[in-house]
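Build out the structure end to end from the sequences listed, making use of the hints.
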Amino acid sequence: MKKSVSKFIQLVLFPSIGVFIIYQLYKDQNAEEILRALRYDVDYSWIVLSISLGLLSHVSRAMRWQMLIQPIEKKTGFLNTFLAVMTGYLANLVFPRMGEVSRCGVISKYERISFTRVVGTVVAERLTDLMMLVLITVAVLAVQFDFLGGFLLQTLKLDSVSQLFASPLLYAALIFTVLALWFIRRYARRYKALQFLNSLMAKFTEGLSSIRKLENKGLFIFHTLFIWLMYFMMIYVCFFSMPATSTLGINAGITILLTGSLGMIAPVQGGIGAWHFMVIATLKLYGVPLEEGGVFALLVHAAQNMMIIIVGLLAFVLLPLINRKHHAETDLARPC
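Numbering (this note's numbering), first residue to last: 4 to 339.
Because the hints were derived from the structure by calculation, they are not lab data.
Among these hints, one or two may not hold up.
The calculated DSSO-like cross-link candidates involving lysine-lysine, where the alpha carbons are at most 30 Å apart (straight line), are [what the hints assert, rightly or not]:
hint : residue 1 : residue 2
1    : 77        : 112
2    : 112       : 220
3    : 112       : 216
4    : 220       : 78
5    : 78        : 216
6    : 78        : 112
7    : 77        : 287
8    : 30        : 287
9    : 77        : 220
Listed below in structure tokens is the structure:
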């Protein structure tokens, strides 16, 4: 019953919310005008460049993930790692937040490594990206606070954060978690179930601490900066694809990187609706008319997701083909 409800929420409710947001954003716009703009007002060479930069970011992400996995397991093959990353992005378009689990399952299966340890490396990776997002937020607000402060406070309802930290439920959950972890470690030797949980915790922690064990931390930092630079460039080069956005500068690009990233946090497949809303609202702040902002959001979002669908499906097909040897072997028990 619980699984059915969860699937309904992920496959029906969340996409419906995204579609509803899209409907509200575009219901007053002329569909024929949007199609005309997409046909005649867009220089698609810039969109192709944006897609290429997006692929470069995914390549760099795969290489960075290899660096995290190697200290706690072994060096994984680049092709398997890259294809696992792309299947993860594809899975996110079906089930929100399932991509991270999916790519861990793929790399664990084809490289025969511990799934739990790999999950720990993904958590470490995401914490690194979260730090980058925080730094970008601080930088954008420091430079353009008077311009953007009111918009973010109103749009994101940041006052709810203070209410969250004032909630006794948050602290009760934290205390419960700490006590549960202490209980598992304290009595792991007495009960088999607790031994299993303690083993999982140890492997997860080992994966999470993979950053500390990196052989080349400088290269890890380079990949992190390069990934986010490509994210910025993916948006910035698209400005030149339309007359209405061609005069926008670096500040606008960084701001849309921030607001678009915040939109992607919404538990909706591919950030549909939420990403469009944040980008259109931000472009409006920079003087881009609502109609042109809507076209820009549709164009960029569709292009990047089309790339993910095509490359992700190719990855899904190629993985078993390039790993035929694994399929031919008897399925040995892998570490959990």
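Quiz item: Which numbered conditions among the earlier hints are violated in the structure presented, ordered from lowest to highest?
Solution: 7
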